[in-house]
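Build out the structure end to end from the sequences listed, making use of the hints.
Per full-length UniProt numbering, the very first residue in the sequence shown carries number 1; after that it's consecutive.
Be a bit skeptical, because a hint or two may be false.
[Stated by the list, open to error] In silico DMTMM-like cross-links for lysine to aspartate or glutamate, where the CA-CA straight-line distance does not exceed 20 Å:
hint, residue 1, residue 2
1, Lys243, Asp139
2, Lys127, Glu222
3, Lys243, Asp100
4, Lys103, Asp252
5, Lys124, Glu222
6, Lys127, Asp199
7, Lys124, Asp199
8, Lys243, Glu105
9, Lys127, Glu75
10, Lys243, Glu75
11, Lys103, Glu5
12, Lys124, Asp134
13, Lys124, Asp28
14, Lys124, Asp139
15, Lys103, Glu148
16, Lys124, Glu197
17, Lys243, Glu43
18, Lys127, Glu114
19, Lys127, Asp28
20, Lys103, Glu75
21, Lys243, Glu104
22, Lys127, Asp139
Because the hints were derived from the structure by calculation, they are not lab data.
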Amino acid sequence: MSSHEAPRLDLPGFDTLIDLVGDPGDADLYLFLNGNQFMVMPELLTAFRARHPQFSRIYYETLPPGLLAHQIQAEGRIHIGSLILTVYPDVFTAGRGEMDLLKEEVLEPLPYAENRLALVVQPKNPKQIAGFQDLAREDIRVAMPNPETEGIARLARHALDLVGGESLANAVFRHKQDLGTTLLTTVHHRETVDWIERDRVDVGVVWQSEAAWARATHRRVESIPLDDFLENPVGQYFVAGLKRAPHPEARDAYLTFLQTSEAQAIYARYGFMPPEAHSTVFSGF
1 MSSHEAPRLD LPGFDTLIDL VGDPGDADLY LFLNGNQFMV MPELLTAFRA RHPQFSRIYY
61 ETLPPGLLAH QIQAEGRIHI GSLILTVYPD VFTAGRGEMD LLKEEVLEPL PYAENRLALV
121 VQPKNPKQIA GFQDLAREDI RVAMPNPETE GIARLARHAL DLVGGESLAN AVFRHKQDLG
181 TTLLTTVHHR ETVDWIERDR VDVGVVWQSE AAWARATHRR VESIPLDDFL ENPVGQYFVA
241 GLKRAPHPEA RDAYLTFLQT SEAQAIYARY GFMPPEAHST VFSGF
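Written out as structure tokens, the structure reads:
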């Protein structure tokens, strides 16, 4: 029995479990995935099932990687409201930080995709937010991913450091949080756009793929173009099989599939970039 306490997720307004998909009691493959790829999974798994029909029953979670890492440490247990669920995965995707945390649990992690940050704002950008430097303004309410569980927060802090040094990062992550004008999300890929639409915040830090998805699904937000910013580092995602995977054959099939050109093309359609070795990848992600 693990000595780690099972993580708890209490998220009023999102208790429909949209980030837990499938039948955990009857699956051929269990996947724990970065939450930001929730929009990719239906098409990706359709392609995987076409290649491997013997693994058609798939359960997956698209939640913050830090939360999923704690769930793995707790032998797969998670509390969601009044529900207690126990599912131990075959495959885990996350940033390097979570992979290092679970180095005794996982096989060798491999990069499979990359992404950059984006800022989403209210329609017509009424606060005239131009970039990361504006997040410290006193009149700007910021939605920021939680550094405790959301790997994107590490990249966001690094971007703030690049733009304005530690003072800018501390202003956004510490001072404004104390004032109540920086709000930390629990599951940023669900909350950030919703908070902007409800005028709870003026701007939020998301992945470029999430900003593209918000536009494609006609959400009431706009994104700030950051493509030319040298201060917008790359986050590289890793995938690893679990050493104690309940379905090792399915695990290996999925790991192989994720490296195929077909899988990479699907990710690209949703705004993800293929993994590359270049200087803009932030090693601390």
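| field | Broken hints, by number | value | 1, 9, 13, 17, 18, 19
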